[in-house]
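Now for the letters of each chain:
Number of protein chains: 2
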Amino acid sequence: MFELLKKDKLTESRLGEIVLDRGVIQTPCFMPVGTLATVKTLTNEDLENMDARIILGNVYHLLLRPGLEVIKKAGNLHKFMSWDRPILTDSGGYQVFSLSLLRKVKDRGVEFQSHIDGNKFLLTPEEVISIQTVLDSDILMPLDECVSYPSTKDKSEEAVKRTVLWAKRSKDMFLKKKFKNKMLFGIVQGSTYSDLRQECAQELQKIDFDGYSLGGLSVGEPSQLLYNMVEQTVKYLPIEKPRYLMGVGLPEDIIECVDRGVDMFDCVVPTRYGRNGTAFTSEGKLTIRNNPYRFDLAPLDKECDCFVCRRYTRAYIRHLFNTNEILALRLTSFHNVYFYLKLMQRIRDHIKHGTFTGFKKEFLSKYNQ
Amino acid sequence: MFELLKKDKLTESRLGEIVLDRGVIQTPCFMPVGTLATVKTLTNEDLENMDARIILGNVYHLLLRPGLEVIKKAGNLHKFMSWDRPILTDSGGYQVFSLSLLRKVKDRGVEFQSHIDGNKFLLTPEEVISIQTVLDSDILMPLDECVSYPSTKDKSEEAVKRTVLWAKRSKDMFLKKKFKNKMLFGIVQGSTYSDLRQECAQELQKIDFDGYSLGGLSVGEPSQLLYNMVEQTVKYLPIEKPRYLMGVGLPEDIIECVDRGVDMFDCVVPTRYGRNGTAFTSEGKLTIRNNPYRFDLAPLDKECDCFVCRRYTRAYIRHLFNTNEILALRLTSFHNVYFYLKLMQRIRDHIKHGTFTGFKKEFLSKYNQ
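In order, the protein sequence lines correspond to chains F and C. For the record, in the first sequence the residue sitting at position 174 is 265 according to the working numbering, with numbers rising by one throughout. For the record, in the second sequence the residue sitting at position 70 is 161 according to the working numbering, with numbers rising by one throughout.
Please keep in mind that the hints were generated in silico from the structure rather than gathered at the bench. One thing to keep in mind: the hints can contain errors.
Identical copies go unnamed one by one, so any copy, or any two together, can satisfy a pair.
[Stated by the list, open to error] Keeping only pairs whose Cα atoms sit at most 20 Å apart, straight-line, the calculated EDC-like set for lysine to aspartate or glutamate is:
hint : residue 1 : residue 2
1    : K163      : D387
2    : K163      : D286
3    : K246      : E94
4    : K262      : E217
5    : K244      : E331
6    : K163      : D301
7    : K197      : D112
8    : K433      : E202
9    : K170      : E416
Whenever a hint applies, use it, and build me the whole structure from the sequences.
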């Protein structure tokens with residue numbers, strides 16, 4: 092279901108394609124985050140117009156609201172939210188460990204209380220696969236144990252062991268479902284310990300997954316450590332399977348990690364920054380509320396051809412932010428997600444033409460000027 | 092610039108057309124409110140897609156934010172907000188009398204402090220025309236004095252006298268500008284006193300305006316009193332000029348006032364209700380957060396063909412509201428404004444075919460069921 096189309100000569104960057112029943116995804120790709128069955132502020136029409144091929148959903152959040160019964164009534168997550176392209180669902184492991192209350196982790200699974208209303212839940216690896224079966228996710232993630240940064244080696248090692256144990260049970264459950272054309276990824280944990288990352292990557296490969304996620308990163312560690320961990324993990328992953336760096340990141344992180352062999356990314360940054368009034372542009376981040384933009388009739392990004400940049404000015408969008416107009420959030424979010432998707436398109440084009448290294452240098456130089 | 096195309100036989104309802112440089116508007120029409128240079132939550136693309144021919148701007152609000160200098164830098168209000176169809180601007184009279192602080196009204200004009208930052212402003216009738224000249228509004232409103240409801244007859248009479256005085260000076264200033272294809276309306280005040288309304292209507296006609304607005308209504312009075320005041324005012328207005336009922340209203344108000352001879356309406360209701368989770372439907376108002384919609388896979392309005400109703404369900408939109416997702420506000424606002432524009436289209440079709448009375452009865456019966 093993943094085809095590696097090309098491996099760059101100078102870097103670890105790769106060109107690939109994931110073929111799913113609901114659509115084809117060119118990699119490296121960025122997947123907009125639709126945690127609660129909506130990519131914040133955007134319609135599905137918006138996402139289709141910018142050619143988003145796959146979006147993310149989240150087991151933890153959807154389980155809490157609207158709840159599985161509601162989604163089941165609609166048929167599945169695609170029908171519930173009226174999105175017929177692929178959806179990758181995160182298992183909710185990260186959210187259980189970062190958001191939920193009164194958490195108890197045992198080998199069996201994890202008990203927790205909802206951060207919304209205190210309702211109790213028990214998630215087992217098997218249950219998480221079953222939930223994603225109800226959602227009808229195209230790419231599934233197994234339940235994993237995430238540690239915060241920094242974490243002791245002992246604690247990190249324990250989380251790796253449990254993640255591998257749960258991964259095996261997830262795979263067993265996944266096989267029982269006899270899916271055709273769905274993918275289950277293994278999630279590599281190990282905090283910032285290269286040897287744990289290596290061990291986890293190797294153990295997961297014995298189970299054999301359709302792809303490998305790099306989890307527990309972009310949780311507060313410095314960029315160089317993130318890049319280093321990616322390097323130290325990717326080299327123990329099989330070349331013929333897609334690699335997905337979860338929750339990353341800023342444009343510079345994405346380009347650095349493509350360079351290191353990552354194929355898939357997701358991040359709330361383009362929408363979250365968009366709602367806070369920060370636009371991503373070819374010349375770096377732009378804080379639209381700032382006074383210099385008061386009279387600025389240029390678009391958010393002079394090099395962008397999205398509908399926002401073709402029609403609306405910085406002065407206008409600044410005014411919308413300063414008057415708390417909701418349209419501001421959507422315009423900037425749309426532009427930012429478009430910027431990310433376009434960046435991935437350019438990355439793919441340059442890998443294809445063997446010019447990725449030059450593009451990376453040029454992009455970063457202009458972006459960081 | 093206004094052509095009366097047809098007068099209904101059974102009611103006072105009329106079919107007309109307003110021809111402006113920036114576009115043609117069929118009447119009776121509803122004008123979405125874009126107070127701060129945005130129809131809340133919607134893009135201009137949204138408005139064009141639903142065939143909104145004219146929107147409102149507001150002198151008071153735009154003067155405060157972003158300020159005239161910013162709009163002047165962009166060229167005019169159309170260019171600032173990137174909307175090239177007609178714009179009607181309200182003079183801000185209503186806002187000065189309902190929102191501003193430390194207000195001092197003299198015959199010369201009105202001094203007030205901004206409700207945003209306390210900055211002081213002086214608005215004279217002449218200045219209000221000059222501001223609308225900078226905005227390049229297609230239909231201008233003169234500064235008027237609004238009284239709250241209820242108001243004593245003395246106070247109401249004083250406001251009428253000042254409104255007429257200001258109207259004359261506004262017209263003089265308007266003539267000095269030598270506009271081609273812009274319209275200046277006179278605003279009929281008089282609170283809930285028929286004789287004051289008559290007097291105001293007749294005095295304004297001596298000055299001779301391109302259209303007549305009914306101001307100071309929908310400010311808390313009962314519906315029947317609103318309808319009665321409309322009747323008592325419209326009969327003193329010339330048949331060959333458009334009549335604009337400011338700030339009205341609910342669908343039932345609009346249909347009742349079309350029946351009484353009103354040609355133009357504006358109201359924040361479709362967007363404000365939309366943001367609060369109330370959808371207008373052919374079967375009445377629908378409060379989408381309510382529990383019965385949890386599993387409801389029907390669209391907001393089964394008879395609506397807007398993009399929201401064609402794609403998204405009540406269950407999904409309810410989920411978006413319950414999780415405070417911004418998309419909820421836009422979907423419901425879009426549907427509501429579409430519902431209003433479609434209602435006006437149907438009203439025009441039925442006036443054209445001489446079936447307005449039957450349509451009104453059928454619509455209200457279903458809407459109020």
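The hints, checked one at a time:
{"no.": "1", "hint": "K163 to D387", "in the structure": "between (49 Å within a copy, 12 Å between copies)"}
{"no.": "2", "hint": "K163 to D286", "in the structure": "neither (42 Å within a copy, 63 Å between copies)"}
{"no.": "3", "hint": "K246 to E94", "in the structure": "neither (36 Å within a copy, 80 Å between copies)"}
{"no.": "4", "hint": "K262 to E217", "in the structure": "within (9 Å within a copy, 77 Å between copies)"}
{"no.": "5", "hint": "K244 to E331", "in the structure": "neither (30 Å within a copy, 85 Å between copies)"}
{"no.": "6", "hint": "K163 to D301", "in the structure": "neither (26 Å within a copy, 58 Å between copies)"}
{"no.": "7", "hint": "K197 to D112", "in the structure": "neither (36 Å within a copy, 72 Å between copies)"}
{"no.": "8", "hint": "K433 to E202", "in the structure": "neither (41 Å within a copy, 51 Å between copies)"}
{"no.": "9", "hint": "K170 to E416", "in the structure": "between (30 Å within a copy, 18 Å between copies)"}
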